[in-house]
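2 protein chains.
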Amino acid sequence: MIQIIQSHLDLMPEMPIPFGDDVSACSIGNRNLAILKTDMLVSKTDVPPSMTLWQAARKAVVMNISDFAAKGVKPRAMLVSLGLPKDVGEKDVEELAKGLNAGAREYGAYVIGGDTGEASDLIISLSLFGTAAKSEVMLRRGAKPGDVLAVTGLFGKTPAGLKILLHSLNVEEKLRKVLVDSVLLPRARLKEGLALRRSKAVSAAIDSSDGLAWSLHEIARASDVGFTVNLLPIASEAERFAEDYNFDPAEFALYGGEEYELILTVKPSLWSAAEKAARRVKGRLLRIGTATAEKTVLFKTNGKKIVIQPRGYEHFKA
Amino acid sequence: MIQIIQSHLDLMPEMPIPFGDDVSACSIGNRNLAILKTDMLVSKTDVPPSMTLWQAARKAVVMNISDFAAKGVKPRAMLVSLGLPKDVGEKDVEELAKGLNAGAREYGAYVIGGDTGEASDLIISLSLFGTAAKSEVMLRRGAKPGDVLAVTGLFGKTPAGLKILLHSLNVEEKLRKVLVDSVLLPRARLKEGLALRRSKAVSAAIDSSDGLAWSLHEIARASDVGFTVNLLPIASEAERFAEDYNFDPAEFALYGGEEYELILTVKPSLWSAAEKAARRVKGRLLRIGTATAEKTVLFKTNGKKIVIQPRGYEHFKA
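In the order they appear, the protein sequences are chains W and V. The first sequence begins at 185 in this note's numbering and counts up by one. The second sequence begins at 185 in this note's numbering and counts up by one.
Since the hints were made in silico from the structure, they are not lab data. Among the clues, some could well be false.
Copies of the same chain are indistinguishable here, so a pair counts whether it falls within one copy or spans any two.
As a list, the in silico BS3-like pairs of lysine-lysine whose alpha-carbon atoms are at most 25 Å apart [claimed, not checked]:
1. K451 to K282
2. K466 to K361
3. K228 to K270
4. K384 to K282
5. K258 to K318
6. K228 to K488
7. K258 to K466
8. K460 to K358
9. K460 to K275
10. K451 to K466
11. K460 to K384
12. K460 to K258
13. K347 to K228
14. K488 to K466
15. K275 to K451
16. K328 to K318
With the hints as extra help, turn the sequences into a complete structure.
Below is the structure:
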């Protein structure tokens, strides 16, 4: 759909960031850019059972912030368009407002305007604004063969948590809380993104909201490289849950989605600088593979090569 | 609803443009502002019968551009979030893309990014970006008693056209076309807004998308003044239609809405400069009244005073 749309758009003469990256940009002089992002949360596909309105509003913020995080750009201000179903009352709107504000403040941004209207679904459409020096923004393109492939955290908890919520699975309380919280209270890796951008060690970056596999293919396509993954970054809780309930843990890690880790490529000579930068903000950077000249995305395990498919996260249906 | 939301938001320390004006802003240094606006078109309430998808997409653009026009700010770039019902196919998305592009290009802007998702209604959420010198933006506040009240065009055609479309009224073809076109192909007064801003004659401005009456009250409240209207700016076509079908033409002019004229106050000594500025871009500026120290909004006609109510445009329901 997005490609159909793009094919009918006149191109802005100077596009500092190409179509299809995590954010868009406009030059504002002195080699600085206005960084812009819009993303819409729709209750039907983005709000799982048991998520409160406060959490839904905060999640809408996190979805947008995560894209800024992946580019290493500090979000400054946010506009909100709310589509409200008829049965949404004043108390509900208060909860939404508090969730929006909490999300924005958590990442140092402010809600500075917006509008409301009536809609059949609850719609939270956000647009985010920030500024950045043109040379500093981390793009999807830029990875070179030999670069280290890294992620800011482990995958799999969110798809596991979603399974619990959607199918009302009965899971041991402590495990349940970890998995379900990753769905209800996601976190954007903004501190890590900003620190890694400052380290100047990153050659390409993307957020993982469409799933690890899909995002790897996106960064591969934009950078014209491939990847060999040696380590599947899967959270132990997701692995435990998968074992107990007969799911494939690799499926969770690769094709989960709605996880807001960053996926980055790092110049090999600057790997330790990058790792330190992440640690300094209490984050972490896990080496999971290498960028390759060969344009395939593979998982190498025990001498076997498995193709990682360009398969994305499918929104659940209510 | 908007006031409930605002009351729960932390205020950004420097708000160059206050909450509740037509646009929002963020300082970008050198006394310049990033100007931001988001507004959402929802098919259920904003797309009348017989409006094509191309027209709906273009209208979504005009809705947003009109707010920039009212502030005298040139739009540069636009992001789009589309919520698409399941029955929307590729051809439909093409039509939407073409309408968005046509609208953006008509006003000198470009679509530079966005996203699509699934929703029950067709949702077109746009966010607009531009830059402006802080001192130059025309705000809702700033009108002084004695300032000339003016509009950029005549009112009433859109509500009349809506009546025709909603009730399938049988109207003489030439009249019908004028009225219905004002609904299907609205125009934002961007040229006028930019020219008037450059004239430096304007003390306050607003767009009239919520109706003439409502917008007068908004500008009155923000500027802490009242207005006496001496001339009701009603289009002859709307008057003719009202006579034929027994509607109140004043009702059309005052409480119509979805008309994208600008309403401005002009320093009396600079009136002829403002008028000339509008004419130079092939627009017009009609003097309809005066700002007053008395904080009421009145229509004076034949020696009678009629209170103009703070009543707004209600979206039609499908």
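Hint by hint, here is what the structure shows:
In this assembly of identical chains, K451 and K282 lie within 25 Å of each other by CA distance neither inside one copy nor across copies; the values are 41 Å within and 41 Å between. In the homo-oligomer, the alpha carbons of K466 and K361 lie at most 25 Å apart inside one protomer (22 Å), although the nearest pairing across protomers, at 65 Å, exceeds that limit. Proximity of K228 and K270 under a CA criterion of 25 Å is satisfied in both settings, with 15 Å inside one chain copy and 12 Å between copies. Taking identical chains as interchangeable, the C-alpha atoms of K384 and K282 are never at most 25 Å apart, the minima being 36 Å within one chain and 40 Å between chains.
With identical chains, the CA atoms of K258 and K318 are at most 25 Å apart both within one copy (13 Å) and between copies (22 Å). Taking identical chains as interchangeable, the C-alpha atoms of K228 and K488 are never at most 25 Å apart, the minima being 40 Å within one chain and 54 Å between chains. For the identical chains of this complex, K258 and K466 are intra-copy neighbours only, at 18 Å inside a copy versus 43 Å across copies, given an alpha-carbon limit of 25 Å. For the identical chains of this complex, K460 and K358 are neighbours neither inside a copy (31 Å) nor across copies (73 Å), given an alpha-carbon limit of 25 Å.
For a Cα distance limit of 25 Å, the shortest separation of K460 from K275 qualifies neither inside one copy, at 45 Å, nor across copies, at 50 Å. For a Cα distance limit of 25 Å, the shortest separation of K451 from K466 inside one copy, 21 Å, qualifies, whereas the shortest one across copies, 57 Å, does not. Taking the shortest Cα distances, K460 and K384 sit within 25 Å of each other inside one copy (12 Å), while across copies they are farther apart (54 Å). Taking the shortest Cα distances, K460 and K258 sit within 25 Å of each other inside one copy (20 Å), while across copies they are farther apart (44 Å).
In this assembly of identical chains, the alpha carbons of K347 and K228 lie at most 25 Å apart only when taken from the same copy (16 Å versus 33 Å across copies). Taking the closest pair of Cα atoms, K488 and K466 never come within 25 Å of each other, the shortest separation being 35 Å inside a single copy and 72 Å across copies. In the homo-oligomer, the alpha carbons of K275 and K451 never lie at most 25 Å apart, since the shortest distance is 50 Å inside one protomer and 44 Å across protomers. Only within a single protomer do K328 and K318 lie at most 25 Å apart by alpha-carbon distance; the minimum there is 20 Å, versus 43 Å between protomers.
Taken one by one, the earlier hints fail for this structure at numbers 1, 4, 6, 8, 9, 14 and 15, listed in ascending order.
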